[in-house]
Amino acid sequence: MDALPGLPTHEKLKQAFRLEAGTVQRYLYFARIADIEGFPDVAQTFRNLAESGICNAQGNLDFLKRVGDPDTDLPIGETDLNLTAAISATILEQTESYPLMAKVAREEGLLDIANWFETMTRTKKVHEQKLKKALAQLAAVRQEEPQ
Amino acid sequence: MSAASTPPASEEAEAPSPARPRTDRYDASSITVLSGLEAVRQNPGMYIGSTDLAGLHHLVYELVDNAIDESQAGYCRRITVTLLADGSCAVEDDGRGIPVDMHPLEGRPACEVVLTKLHAGGKFRRQSYQYTAGLHGVGLSCLNALSEWLVLEVWRDGFHYRQPYAAGRAVGELAKIGPSGRRGTRISFRPDPRIFGAELSFSAPTLVSRLRELSFLNPGLHIRLLDQGSGEEREFQYDSGIAGFLRHLNQDAKVLHPQPLALRLAQPGVDIEVVMQWTAGYGENILSYVNSINTVHGGTHLSGLKNALTRTVNRYASELGILKAENGERISTFDILEGLTAVLSVRMETPSFEGQTKTRVTNPELKTMVDEGVSGALLAALRADSRLAAQVVARALDASRARLAARRASERIRIQSVDTRVSKEVYQRQFGIRSQNWHQSAVWIANQALLAEHVRQLPSGHYPRMLDVCCGSGVVGASFKGRVGTMFGLDLTPEMIALARARLDCLTQGTVYQLPFRDNTFDLVVNREVLHLLPNPERPVAEIFRVLKPGGRFIVGQILPFGPEDAAWMYRVFKKKQPLIFNMFQEDDFRELLLGAGLVDLTMSEYRLWESIDVWIDTHETTNLHRHEIRELFYQAPQEVREVHPFEILPTGEIRDLWRWCVFSARKP
Ligand SMILES: Nc1ncnc2c1ncn2[C@@H]1O[C@H](COP(=O)(O)OP(=O)(O)O)[C@@H](O)[C@H]1O
Ligand SMILES: [Mg+2]
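Quick mapping for you: the protein sequence lines, in order, are chains A and B. Per our numbering: the first sequence = residues 1 to 147. Per our numbering: the second sequence = residues 1001 to 1669.
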């Protein structure tokens, strides 16, 4: 496993994780439409497959966990590490990813989409605060624990 | 929940840490066995859905459903529901009366058994009842378990009987009060405030709508509601059945065809009835029932109906040659359901439901039965009445074309917005159509208190010339009447300008991106809920700044999210309602927008307004799919959103949203 970081397989695992995570979301979205259209059986199929998709996505994380967070490459595994990785991801998203996306959309004249990305930037700030609070609480609990 | 009902096993709130081993024993004495009724009190949601208003009313419905079952069996003609001043409720019927003789196995009177034992009832075998709402014999025992007190009265076999209960247990023997010639059952109960909270109370209007619906579904049955609090009394009795129900639902609607389509299919053990009528509205209103239970989440019967409608209308349209099925042309389910009001009532012997509150029916055979039955009957009905058929098909095609047009419109505006010019035709078309029922299209438009909030933001002074920009019907500008001199209005849409003529003095058609006025013309400019629709809103704000006199005021109202937590969710809701939205402003964005234009002395006041989204989404701008998706967004709103953004889903399914109106006022230096 130690050889994984930087190898093409590492990239493939990240890619597989994103594929499966994306599949889950698409299927849940499609299921809702099928429900509305009056095809509950199709909706159920989509939901069932989405459930498997969750399992599959996390299967990739089982491997990735040993080398790091797929989004930030920071170490993950235990809750304080996970929180730290999640916090840096939200910072990355609000300072780089979403502002860049908004800029591109604005340049292309897609102003509603630009505003949507900007809304995401704000959301991520709030999420960063909430995660930081959770991390602080975790640290406080750890302090109280007898060593 | 009260301490008394907490089981001993869960008294330890803190999790034991491994460093401090638990001293208490863990053996057979730690294993708690909850009796059936304790289990109900521990986890009421499993039995009545929830312990909020909906759950509270569900208690009454369990009793009413029992009386309805009794009437379906042919023995009950009158039901009376009484709301008493102490928060209790009584339901009385003139049916056979719950049996009072000794139960052979339990050794207790049968009525005590059904009130205290889960899964005790007379509907498991189909001898005493055929089509029933009740099934599992848990309704009464749950109700009893969740009631602080309950009194059962039975009139039967020449006597009047009575037995008191508390929290699910009999607190006295079944007593013979005296001789009586009448027949029936009366159950009085007070919901336990330890379960439901002391502040919840029964709502007569909620009961009215359910009782009215039941009396339509059960023609001939006489239902009365007495509200002792208000002294109000309502009586319901209809002989018109679901056809009458449909007329009632459509009473204010503009219907497309005078005669509703009515279909009835009877098979051994199943009886299906449907009535349908299309209206000029945009919403779809399909109510579905199984044995009088309102299946609010639909189920197989509703899927069958939707399938049948889609299949048949498409088939008929291609038979007529209106639709080229071979080219893949197809009218979608959404387009066919647009504007449809329908009531589907199924009576059957063995319905299966999801959960005790029975909001969705799951019998698979029901889907095929409704689909095939309705398809056949509908096709025959369409072929027999070519005028009706033409109207139905034209309505669906219209919807489908409108949907395509809306999509094209939003695509066009995309392309246009590359050079950030607004496509005038798109706005004119959108708001032109909406002008037809402008004041009915949302509650906020004519809400007096909200308008007054705008006026309150105007410092005292002299304002000879006011401009209401993007004035719509002119209500905002007109609310300043008396405080200002000449009231000017500007709008892009000729239809809106015609509306505004009744309120404002001087109207101009034009765009806010290029105001047809000289610099420094106005003492006051007002505007409400428009800037979010405009790409590059800084430009119109700069224009407003330009036409203001130095020292002049700009007052603008805008709906804003409560915080960043609900902004993305609100963006989705609003964009689905109105595809022309370009900005979901947050409070600081909006401040920046105004200050960035050079305005100063910015103040803001908030006004919160409850709005029923059903009205708001019922316009041509919102496609049928989007309407459904908006409701789903509310049903599935993330916890983060719920924490900051109040909204409520009423037991009737209606969604009421609290809108945070922010009214800003600023001055040109
Ligand atoms: N109003 C009534 N009149 C006559 N019998 C009743 C009435 N209400 C209840 N019962 C009897 O009590 C039984 C238990 O009722 P309930 O607990 O609601 O279960 P279910 O309705 O599912 O059978 C019914 O099956 C019926 O035999
Ligand atoms: Mg019952």
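Among the hints, erroneous ones may be present.
Interface residues of chain A toward chain B, partial, derived using beta-carbon atoms under 7 Å [what the hints assert, rightly or not]:
no.: 1; residue: I36
no.: 2; residue: P40
no.: 3; residue: Q44
no.: 4; residue: D71
no.: 5; residue: P75
no.: 6; residue: D112
no.: 7; residue: T119
no.: 8; residue: R122
no.: 9; residue: V126
no.: 10; residue: K132
Label-pair restraints from in silico Cβ distances [to be verified]:
no.: 11; chain 1: B; residue 1: E1354; chain 2: A; residue 2: Q58; range: 50 to 60 Å
no.: 12; chain 1: A; residue 1: E78; chain 2: B; residue 2: A1198; range: 40 to 50 Å
no.: 13; chain 1: A; residue 1: G22; chain 2: B; residue 2: S1352; range: 31 to 41 Å
no.: 14; chain 1: A; residue 1: L100; chain 2: B; residue 2: A1198; range: 49 to 59 Å
no.: 15; chain 1: A; residue 1: D80; chain 2: B; residue 2: H1439; range: 54 to 64 Å
no.: 16; chain 1: B; residue 1: Q1509; chain 2: A; residue 2: Q58; range: 54 to 64 Å
no.: 17; chain 1: B; residue 1: P1638; chain 2: A; residue 2: A140; range: 44 to 54 Å
no.: 18; chain 1: B; residue 1: N1043; chain 2: A; residue 2: G22; range: 57 to 67 Å
no.: 19; chain 1: A; residue 1: G22; chain 2: B; residue 2: V1644; range: 27 to 37 Å
no.: 20; chain 1: B; residue 1: A1198; chain 2: A; residue 2: I54; range: 33 to 43 Å
no.: 21; chain 1: A; residue 1: Q58; chain 2: B; residue 2: E1235; range: 32 to 42 Å
Hints in this document: simulated from the structure, not taken from any laboratory. Where is the CB? At the ideal position from N, CA and C, for every residue including glycine.
Outcome of the hint check:
1. I36: holds (4 Å)
2. P40: Holds: closest Cβ of chain B sits about 6 Å from A/P40, inside 7 Å.
3. Q44: With a minimum Cβ separation of about 11 Å from chain B (threshold 7 Å), the hint on A/Q44 is violated.
4. D71: Since chain B brings no Cβ nearer than about 19 Å to A/D71, farther than 7 Å, the hint is violated.
5. P75: violated (25 Å)
6. D112: holds (5 Å)
7. T119: holds (5 Å)
8. R122: holds (4 Å)
9. V126: With a minimum Cβ separation of about 5 Å from chain B (threshold 7 Å), the hint on A/V126 holds.
10. K132: With Cβ-Cβ at 15 Å, over 7 Å, it is violated.
11. B/E1354 / A/Q58: 50 to 60 Å: violated (28 Å)
12. A/E78 / B/A1198: 40 to 50 Å: holds (45 Å)
13. A/G22 / B/S1352: 31 to 41 Å: holds (36 Å)
14. A/L100 / B/A1198: 49 to 59 Å: holds (54 Å)
15. A/D80 / B/H1439: 54 to 64 Å: About 57 Å separates the Cβ atoms of A/D80 and B/H1439, which means 54 to 64 Å holds.
16. B/Q1509 / A/Q58: 54 to 64 Å: holds (59 Å)
17. B/P1638 / A/A140: 44 to 54 Å: Between B/P1638 and A/A140, where Cβ atoms are some 27 Å apart, the hint is violated.
18. B/N1043 / A/G22: 57 to 67 Å: violated (37 Å)
19. A/G22 / B/V1644: 27 to 37 Å: Roughly 28 Å apart at Cβ, these two residues keep to the hinted range, so it holds.
20. B/A1198 / A/I54: 33 to 43 Å: holds (41 Å)
21. A/Q58 / B/E1235: 32 to 42 Å: violated (59 Å)
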